[in-house]
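Undergrad: Residues per chain are reported as follows:
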Amino acid sequence: MVSRKVIEDITVKLLQLAVTELPQDVKDALRKAQNEEETEVGKAQLKAILDNVDLAEKTHSPICQDTGVVIFYVKAGAQLKELDKIENALRNGTVRATREVPLRPNAVNPFTQKNTGDNIGRNIPYINWQIVPGDTLEITVLPKGGGSENVSALGMLSPNRGIKGLKKFVVDTVISAGAKPCPPIVLGVAVGGGTDIAMKLAKATLLKPLGEPNIDPELAKLEEELGEAINSTGIGPMGLGGKTTVLDLKIDFAHRHPASYPVAVVVQCWAARRASVRIYYNGKVDYLSHKAV
Amino acid sequence: MTVYKLRTPVSEEDTRKLGVNDTVYITGTIVTARDAAHRRALKKYNEGKKIPINLEGLVVFHCGPVVKKEKDEWNIIAAGPTTSSRMNSFEGKFIKNFKVRIIVGKGGMDSKTTIAMKKYGAVYGAFTGGAAVLAAKTIKYVKSVEWIDLGIPEAMWVLEVKNFGPLTIAIDAHGNNLYKDIQINVEKERHKIYKKLGV
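Order-wise, the sequence lines are chains A and B.
Number 251 in my numbering belongs to position 256 of the first sequence; there are no gaps in the numbering.
If you count the second sequence from 1, you need to add 38 to reach my numbering.
No wet-lab data here; the hints were simulated from the structure.
Misleading hints may appear alongside valid ones.
[What the hints assert, rightly or not] Distance condition first, Cα-Cα at most 27 Å in a straight line; then the derived DSSO-like pairs of lysine-lysine: (1) Lys55(B) with Lys38(A); (2) Lys163(A) with Lys55(B); (3) Lys109(B) with Lys53(A); (4) Lys238(A) with Lys234(B); (5) Lys216(A) with Lys234(B); (6) Lys42(A) with Lys218(B); (7) Lys53(A) with Lys175(B); (8) Lys42(A) with Lys200(B); (9) Lys38(A) with Lys107(B); (10) Lys238(A) with Lys226(B); (11) Lys159(A) with Lys233(B); (12) Lys38(A) with Lys200(B); (13) Lys106(B) with Lys0(A); (14) Lys109(A) with Lys81(B); (15) Lys109(B) with Lys109(A); (16) Lys109(A) with Lys87(B); (17) Lys106(B) with Lys8(A); (18) Lys238(A) with Lys233(B); (19) Lys42(A) with Lys238(A); (20) Lys159(A) with Lys234(B); (21) Lys53(A) with Lys131(B); (22) Lys27(A) with Lys175(B); (23) Lys175(B) with Lys38(A); (24) Lys234(B) with Lys27(A); (25) Lys230(B) with Lys38(A); (26) Lys178(B) with Lys53(A); (27) Lys42(A) with Lys107(B).
[Stated by the list, open to error] Have a look at the derived ranges for each label pair, beta carbon to beta carbon: (28) Asp46(A) with Tyr179(B): 50 to 60 Å; (29) Ile158(A) with Lys150(B): 52 to 62 Å; (30) Lys218(B) with Asp49(A): 30 to 40 Å.
C-beta atoms are modelled at their ideal positions from N, C-alpha and C, and glycine is treated no differently.
Make a model of the complete structure from these sequences and hints.
TA: Dropping the structure here:
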């Protein structure tokens, strides 16, 4: 098993990559949006975004000052040992990254309003565990910003309205969010399961590369239809008007209770940050979301 | 869409000549303030107490920066705007009491703030959300930090800037609000979209 120290070091690197350098698919989507934007203000906003992304990458500075709440997704090979040590390594890595990258301290006690100062708190960073076959360890970090999280929504809709209710709920959520989540946004939509299941599935879709259509052709069609609908709202980059409001929209689902139709919409700002790494049993490390580092 | 370069302290005459869609760059002193700093400043004002800095003619920036302290010196690493609507309930009074001339943030502010801006001669400049390194690049140095007990994001960072921008004037001192105009257009589209989706 790879040592705790190595996982801690990799966590620091992973957080640094995530907050300073967008994955290529996100940069491509932003460039495409800039080429296609028609309004003067919209073009100017996208130019500032792309200039900022370049500058952040060159200077190894955080793209946005809101470096988010740290969320990990861990796929742990069932043959690995000492899995109970990983949580500690991720937490220590987060503390170090807060100081070294640096990250903004974003963990506040909801009762005392006291900021812990190191991005560590009760249930934060949150770790989503998945046990998979094999002996590799895959860690993904999703630093989730507050502005876009604040306009994310859950609707417990009527099953009678079915997919029509879903479509309306997604459009309404985006319209009422307006400029707040820093459009152009990425949307994660999930239906079914239950309150927590729908929200978790919706958020996990944010880990998928932009521009790749759903493997389910029916869902791919729905993603395209909703994406076009949202882009015709005219909200535009930063809500100052334009044709690009959403860069991409992903849909997932779980089977539902006969009486329930939960629809989760997770909103992600244009700085769709994520970074993934695969650590092999022999110590080999592959960064999956970013070019060789 | 005129481009203006302004220097602090900004006068009412300066802000009155600006219109929505104009672009502004600022040189001089800007002060960050989020919810907690607004709340405390207004509380102090109501109690007849002074706040640590005279804000008259200055620029208030809705921002909680990423900072690094090196050899006793603060460095601002990233400093993009935060969502301004969280300050809606404070800003009218803030403009009135402290005579700030330019509010910078993202996402726009409400009609109450728009009315206060018209009345007291202030404007709202939108800085591209998330463009934190672009903003930090214009910061020359940290003049002081006040109320650090509120935490790094919520403290008041007093910053010396050069050509801070581009800011898009989205609310001017004449009652115009660009976000409101966009919202009205979006509402017009909403029903067309429902129809197209068959909902």
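Undergrad: Against this structure, judge whether each hint is valid.
TA: Results for each hint:
{"no.": "1", "hint": "Lys55(B) with Lys38(A)", "result": "holds (25 Å)"}
{"no.": "2", "hint": "Lys163(A) with Lys55(B)", "result": "violated (42 Å)"}
{"no.": "3", "hint": "Lys109(B) with Lys53(A)", "result": "holds (24 Å)"}
{"no.": "4", "hint": "Lys238(A) with Lys234(B)", "result": "holds (17 Å)"}
{"no.": "5", "hint": "Lys216(A) with Lys234(B)", "result": "holds (15 Å)"}
{"no.": "6", "hint": "Lys42(A) with Lys218(B)", "result": "holds (23 Å)"}
{"no.": "7", "hint": "Lys53(A) with Lys175(B)", "result": "holds (13 Å)"}
{"no.": "8", "hint": "Lys42(A) with Lys200(B)", "result": "holds (20 Å)"}
{"no.": "9", "hint": "Lys38(A) with Lys107(B)", "result": "violated (36 Å)"}
{"no.": "10", "hint": "Lys238(A) with Lys226(B)", "result": "holds (15 Å)"}
{"no.": "11", "hint": "Lys159(A) with Lys233(B)", "result": "holds (11 Å)"}
{"no.": "12", "hint": "Lys38(A) with Lys200(B)", "result": "holds (24 Å)"}
{"no.": "13", "hint": "Lys106(B) with Lys0(A)", "result": "holds (25 Å)"}
{"no.": "14", "hint": "Lys109(A) with Lys81(B)", "result": "holds (20 Å)"}
{"no.": "15", "hint": "Lys109(B) with Lys109(A)", "result": "holds (26 Å)"}
{"no.": "16", "hint": "Lys109(A) with Lys87(B)", "result": "holds (25 Å)"}
{"no.": "17", "hint": "Lys106(B) with Lys8(A)", "result": "holds (18 Å)"}
{"no.": "18", "hint": "Lys238(A) with Lys233(B)", "result": "holds (19 Å)"}
{"no.": "19", "hint": "Lys42(A) with Lys238(A)", "result": "holds (15 Å)"}
{"no.": "20", "hint": "Lys159(A) with Lys234(B)", "result": "holds (11 Å)"}
{"no.": "21", "hint": "Lys53(A) with Lys131(B)", "result": "violated (41 Å)"}
{"no.": "22", "hint": "Lys27(A) with Lys175(B)", "result": "holds (26 Å)"}
{"no.": "23", "hint": "Lys175(B) with Lys38(A)", "result": "holds (21 Å)"}
{"no.": "24", "hint": "Lys234(B) with Lys27(A)", "result": "holds (25 Å)"}
{"no.": "25", "hint": "Lys230(B) with Lys38(A)", "result": "holds (25 Å)"}
{"no.": "26", "hint": "Lys178(B) with Lys53(A)", "result": "holds (19 Å)"}
{"no.": "27", "hint": "Lys42(A) with Lys107(B)", "result": "violated (31 Å)"}
{"no.": "28", "hint": "Asp46(A) with Tyr179(B): 50 to 60 Å", "result": "violated (23 Å)"}
{"no.": "29", "hint": "Ile158(A) with Lys150(B): 52 to 62 Å", "result": "violated (39 Å)"}
{"no.": "30", "hint": "Lys218(B) with Asp49(A): 30 to 40 Å", "result": "holds (33 Å)"}
Hint compliance for this structure: hints 2, 9, 21, 27, 28, 29 are broken, all remaining hints hold.
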